[in-house]
Structure formats: C-alpha cells, structure tokens
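Peer 1: Can you make the complete structure from the sequences, with help from the hints?
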Amino acid sequence: MSASSVTSRTEAPPSPAGGGGVKQVLAIALGVLTAIGGFVDIGDIVANAEAGARFGLAHAWVLLLGVIGICAYAEMSGRVTAVSGRPVFDLVRERLGPRVALANLAGSLFVTVLTLGAEIGGVGLALQLATSVDYLLWVPVVGVVLWATLWRAKFSLLENLFGITGLTLVVFIIAFFRLSPDTGQLWHQAAHPGPPAGEDWGTYWFMAVALFASAMTPYEVFFFSSGGVEERWSSKDLLTSRVNVFVGFPLGGLLAFALMATAATVFHPLQMSVDALSQVALPAAVALGKLGLAAAILGFFAATFGAAMETGLSSAYTVAQYFGWAWGKLRRPREAARFHTVLMVAILVGVAVLMTTIDPIQLTEYTLVFSAVALPLTYLPILVVANDRGYLGRRVNGRLANTVGLLYLAIVLAAAIAAIPLMIVTRMGGG
Amino acid sequence: MKVIHRLMIAAAAALLLWAGLAYQVSRPPDASGYQRVVLQVAGTAHDAAATGVLVGRQQLHRHVTDAFATTAYDDAMKAVAGAEQKLALAVAPDGTSATLRDRLAPLVQATARELSDAAGAGDDATLGAAVAALDGTARQLDDLIEDNP
Numbered sequence: 256m257s258a259s260s261v262t263s264r265t266e267a268p269p270s271p272a273g274g275g276g277v278k279q280v281l282a283i284a285l286g287v288l289t290a291i292g293g294f295v296d297i298g299d300i301v302a303n304a305e306a307g308a309r310f311g312l313a314h315a316w317v318l319l320l321g322v323i324g325i326c327a328y329a330e331m332s333g334r335v336t337a338v339s340g341r342p343v344f345d346l347v348r349e350r351l352g353p354r355v356a357l358a359n360l361a362g363s364l365f366v367t368v369l370t371l372g373a374e375i376g377g378v379g380l381a382l383q384l385a386t387s388v389d390y391l392l393w394v395p396v397v398g399v400v401l402w403a404t405l406w407r408a409k410f411s412l413l414e415n416l417f418g419i420t421g422l423t424l425v426v427f428i429i430a431f432f433r434l435s436p437d438t439g440q441l442w443h444q445a446a447h448p449g450p451p452a453g454e455d456w457g458t459y460w461f462m463a464v465a466l467f468a469s470a471m472t473p474y475e476v477f478f479f480s481s482g483g484v485e486e487r488w489s490s491k492d493l494l495t496s497r498v499n500v501f502v503g504f505p506l507g508g509l510l511a512f513a514l515m516a517t518a519a520t521v522f523h524p525l526q527m528s529v530d531a532l533s534q535v536a537l538p539a540a541v542a543l544g545k546l547g548l549a550a551a552i553l554g555f556f557a558a559t560f561g562a563a564m565e566t567g568l569s570s571a572y573t574v575a576q577y578f579g580w581a582w583g584k585l586r587r588p589r590e591a592a593r594f595h596t597v598l599m600v601a602i603l604v605g606v607a608v609l610m611t612t613i614d615p616i617q618l619t620e621y622t623l624v625f626s627a628v629a630l631p632l633t634y635l636p637i638l639v640v641a642n643d644r645g646y647l648g649r650r651v652n653g654r655l656a657n658t659v660g661l662l663y664l665a666i667v668l669a670a671a672i673a674a675i676p677l678m679i680v681t682r683m684g685g686g
Numbered sequence: 095m096k097v098i099h100r101l102m103i104a105a106a107a108a109l110l111l112w113a114g115l116a117y118q119v120s121r122p123p124d125a126s127g128y129q130r131v132v133l134q135v136a137g138t139a140h141d142a143a144a145t146g147v148l149v150g151r152q153q154l155h156r157h158v159t160d161a162f163a164t165t166a167y168d169d170a171m172k173a174v175a176g177a178e179q180k181l182a183l184a185v186a187p188d189g190t191s192a193t194l195r196d197r198l199a200p201l202v203q204a205t206a207r208e209l210s211d212a213a214g215a216g217d218d219a220t221l222g223a224a225v226a227a228l229d230g231t232a233r234q235l236d237d238l239i240e241d242n243p
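So the protein lines, in turn, are chains A and B.
Residues 256 to 686, numbered by the working numbering, are exactly what the first sequence covers, in order.
Residues 95 to 243, numbered by the working numbering, are exactly what the second sequence covers, in order.
Among the hints, a few may not be true.
What the hints assert, rightly or not - To give an idea of the chain B side of the interface with chain A (calculated C-beta under 7 angstroms), a few residues:
1) Asp-141
2) Thr-145
3) Leu-148
4) Gln-152
5) His-157
6) Val-158
7) Phe-162
8) Thr-164
9) Thr-165
10) Ala-166
11) Asp-169
Stated by the list, open to error - Calculated from the model, a selection of chain B residues having no Cβ within reach of chain A, i.e. all distances over 12 angstroms:
12) Arg-100
13) Arg-121
14) Leu-181
Said to hold, decoys possible - Sample of chain B residues facing chain A (criterion: CB under 8 angstroms; computed from the structure):
15) Gln-134
16) His-140
17) Ala-144
18) Thr-159
19) Ala-161
20) Ala-173
Honestly, the hints are just simulated from the structure, not real lab data.
Please read all numbers here as calculations on a predicted model, not as lab measurements.
C-beta atoms are modelled at their ideal positions from N, C-alpha and C, and glycine is treated no differently.
Peer 2: Here it is, written out as structure tokens:
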C-alpha cells in the first residue's frame, strides 16, 4: 500500500494549520511552476521554435489544442487528488489492476527518464550559452546539483525559486512586440494551417504531433497530482487546483506561443530552420540586446532545471506509487530510501544517455515522438479514475469533462498511431 | 499453434523487418535520393550561414555577449561540418548529380570558412566583411535550393 493510501478513499487528509488566504495564494505557485517548468520545458522550447521557423504560425492551432487538452486532464487529476487525497497513479493501479498500471508505468517511465535526459542536456546548453563552456562538461555537474537539490531542498523553495525565475521567458512576449512583426502575415499563417512552400504535409503533421506531445507530456499530470499530495490538498483546495490549471497552463502556453511567434518573425522570412538553443535565443537579442539575451538564457535555465526536477521526481513518484513504497519530498530520505534511490538512478540514466554525446536537441525530438506514442497509456486511466464514484463521490466528471476527455482521448490515440510512421516517412521531420 | 512456433514466426518477421530497414538505410542513393541529400546539405549550410549573419550583425550592434556568440558560431560550424561529411559520404550516381555536387561543395566550404572568420574576427571591419561574405553565400545556397525543387 502506498504511503498516501493510508488516508480514506473519499476523505482528504487534514490541511496543516496556517493562514488560509496566504496559503491559497502560495498554492497557486505550484501551478505556475508546473506551467513554466512543465509546460515550457526543453520539448516546448525546441518544438515551438522549430515550428515557428519552418511553418510560421501555421501550427498555432496545435498549441491551443494542446493547452486545452492538458488543462482538461490536469483538472481531472487535480480533482482526483484533492478529493481522494491520493495521487492519480496510486489509484490507477488500485482501480485498473497491476497489469494495466504496469503498461502505464512502463510507457510513462521510459518517456519521462528520456525527457529527464533531454532536460539535463537543456540545462547544459543554457549554461553553455552563458559561459561558452561545452555542455558536455556541464552535464555531470548538473546531474550532481540536481540530485543534491532534490535530496536537500524543500519542495516549496524549489517551487517558488524556479517558478519565478522561469517567468523571465516573458522576454519572448516583449521581444515579439519589439520586433514589429508583420501581423497580417502572421494572422494569415495562423488562419490558413498547412505547409508553406518548400515543406510538405508529412513534415507538417510530424511537427503537429511533436508539438501536441510537447504540450501534453505524460509526466506533467503525474507530477501535478503527486505535488498536490505533497502540498496536502483536500476538497477545500479544489478551487486552488483549478486556478493553478486554468491560469498556470495557459500562461505556459502563452510563453510557448511567444517562442513560436518570435521564431516565425525572425527566421521564417529567411526560410531557415532552427536546430540549436543558441538560435532560439536570438530573437530576444535582436529585439532587446544583451538584457533580453540574458533574460532568455536565464529563462531557459530555469525552465529546463525546473522540468528536470519535475521529471526526476515524476519518475520516482510513479515507480514508488506503483510498488507501494513510501514516497515524497516531505519525507526524509531515510524514510523513503527506495523513492530516493529511483530518483538517483533516473538522474544517472539521464546523464548516461547524454554522455553518449547524443545531441540534446535530437534527444528532445525523439522524446517527443515516443511521448506521443505513450499518451493514451497515460490519459485513458485518468479518465477512468475520474469517473469512479468510489474515489470521487459527487465530484466525478460531469458531462462537459467527459465529452472533452473522450474527444482528447481520440486525438491522443490518433497522434500515438501516427507518430512512428510519420517519423519514418519524414525522416524525423527532415522531409 | 505452440508458443515456440509463434515465437519463431515473430522472430522471423522481426528479422525480415530489420533486414529491410538495413537495406533501405545502407543502399547507395539513386539520382532522386542523391538530390535529396544535396538539398539537405544545402539547407543545413544555408541555415548555418544565415545564423552567422544574424549573430554577426548582433555582435556589431553589441547586442550579444562574447560567450553567446562563440557558442552560436560553434553550433553553426558543427552543423556545417556534419553537412560536409554527409555530402562526402554520398556517391553521385550520374553526371547531373556530380554537377550539382560540384556546385554545392564550394559553397559549403565557403560557409565553414566564413563562419570561422566571423568567429575569430578581432575588429568590426573584419567581422563586417565576414558577415557580408556569409550573406552572399547564404543567397547562393538559397538560389541552389530554389533551382532544384
């Protein structure tokens, strides 16, 4: 039995005493962290900049689709956690049995550990932009710092520090306006989805699948729900959960859109593609000079380091919750030794993958494709649990949540089926 | 059907799939395949040259730090080195393909050289000259791509 499952199925654990209003405001920061570190991670940075450079704003609708989808499912998982007091993955195993949960675990863990590697690589690349020291020299350092941070630092400290620092990516919104974009042209691209001259439908759909997967990465919902348990959400925190989802994720989506829009403004007219983090940062430098560049690099660092923490924790959360081990950042490492061991092994695997000298951007692209394949394994069980009155009582999904949930299930299934064939046919989007 | 038979069929199917994939990946390109390689190489070189122009101009405006510029040039030079290697490994299947290669190869080499010049420029005049050269090469690469849709 999992550590959290000692609580009743429908009763939430008691909230710690403290100023209610202030606590609620602070709790919203969890959503901001998830939005910045979770929504805007290396996958979003790469996919949105690539899409903007090659296709202009022709994929803007995919981003919107992804934001609505992640909001729908994160709301469900937040509600499940707030009402039951238990994380979603714990309930998936209990409700659907160990075999189905194992498929879910295998799919999401594989993708999450690969994503962790990509995030660590992203941190290394951000540090390279600031220092010009090769990212491979940074990778082991980042791995150790990440492990030490997750071992020692408090959950709330990490949440606030990286949530606020990640907001410096707002520089791309400012840069977009400073670049004086041809709004008529951008609107035309957004309103007429399809490949521009020189691209084909195969690469267009490949990029669409990658973008959609980057918005709906599986680890986001598991981290969100486990984070809710760490924050001791109860039914009283449902409002907080929903504000986090409906404010935090769209904020992340807006930042991702700004990355796409600035790339569309600077690179698309030059008919060039983007395949390095240094190129993604360029629009900020073009529009705002060194200050803009510094903010962009800081934002990349915070977003990727925050996401590395989330993916590392998410790997350990899912394994510990599946096997019923004690878990959580609120427990001392000695009390959750296996949880912290999985966390350490996940970081080591991520670092080892990067030390093969695979390009972190390429690793990110592969991660997005595999992530798309694993999406149904993550989202179907959440939909099932969110409809279980045994856990949620009268808080089960309403008609709207189920309609949106089923619609998105069909979309993630289509993306999962199309991902690998599109990868092969388009040679990883190369055309 | 016994489990061992099913396993053998599955193994044989996997082997066939693998062999097919290996053949597909390793066979020498035909004319259209070679043209695709040429266009990919030209595209990579074009992107690297255009990146060099953007970074160089920002350097002239004092909009980027030295560390950033070094990294950006390094990234671009790595991309060009990969493209050069890709072009060198592909064998032109006919005369038309060889002509295309002979048109592209000097442009790729020029991109690498001019990026190196920009990265090592000690003053604005040298950097300005390297940026102008990169701009010209990017245009020629663009023409090559447009001439071979």
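Peer 1: Now tell me if each hint is right for this structure.
Peer 2: Structure-based check of all given hints:
1. The beta carbon of Asp-141 of chain B is positioned within 7 angstroms of a beta carbon in chain A (closest approach about 4 angstroms), and the interface hint is therefore held.
2. Checking Thr-145 of chain B against chain A by beta carbon gives a least distance of about 6 angstroms; that is within 7 angstroms, so the hint holds.
3. Checking Leu-148 of chain B against chain A: minimum C-beta separation of about 6 angstroms stays under 7 angstroms; hint holds.
4. About 5 angstroms separates the beta-carbon of Gln-152 of chain B from the nearest beta-carbon of chain A, less than 7 angstroms, and the hint is met.
5. Taken as an interface hint, His-157 of chain B checks out: its beta carbon lies about 4 angstroms from the nearest beta carbon of chain A, inside 7 angstroms.
6. This hint holds: Val-158 of chain B has a C-beta 5 angstroms from the nearest C-beta of chain A, less than the 7 angstroms allowed.
7. Against a cut-off of 7 angstroms between C-beta atoms, the interface hint on Phe-162 of chain B holds, since the closest Cβ of chain A lies about 6 angstroms away.
8. Because the closest C-beta pair between Thr-164 of chain B and chain A is about 4 angstroms apart, less than 7 angstroms, the hint holds.
9. The criterion of a C-beta within 7 angstroms of any C-beta in chain A is met by Thr-165 of chain B, whose closest approach is roughly 5 angstroms, and the hint holds.
10. The beta carbon of Ala-166 of chain B comes within 4 angstroms of a beta carbon in chain A, closer than 7 angstroms, and the hint placing it at the interface holds.
11. With 7 angstroms as the threshold, the beta carbon of Asp-169 of chain B comes within range of chain A, its nearest partner Cβ sitting at about 4 angstroms, so the hint holds.
12. At roughly 20 angstroms from the closest C-beta of chain A, the C-beta of Arg-100 of chain B stays outside 12 angstroms, upholding its exclusion from the interface.
13. Non-interface call for Arg-121 of chain B relative to chain A: holds, since the shortest CB-CB distance, roughly 15 angstroms, exceeds 12 angstroms.
14. A cut-off of 12 angstroms between C-beta atoms confirms that Leu-181 of chain B is not in contact with chain A; the least separation is 15 angstroms.
15. Because the beta carbon of Gln-134 of chain B sits about 6 angstroms from the nearest beta carbon in chain A, less than 8 angstroms, this interface hint is met.
16. A hinted interface residue such as His-140 of chain B counts as satisfied when its beta carbon comes closer than 8 angstroms to some beta carbon of chain A; here the least separation is about 7 angstroms, so the hint holds.
17. Interface restraint check: Ala-144 of chain B against chain A, minimum CB-CB distance 5 angstroms, threshold 8 angstroms, status holds.
18. A distance limit of 8 angstroms between C-beta atoms decides the matter here; for Thr-159 of chain B the minimum to chain A is near 6 angstroms, and the interface restraint holds.
19. Because the beta carbon of Ala-161 of chain B sits about 4 angstroms from the nearest beta carbon in chain A, less than 8 angstroms, this interface hint is met.
20. Below 8 angstroms, beta-carbon pairs count as interface contacts, and Ala-173 of chain B has one with chain A at about 7 angstroms; its hint therefore holds.
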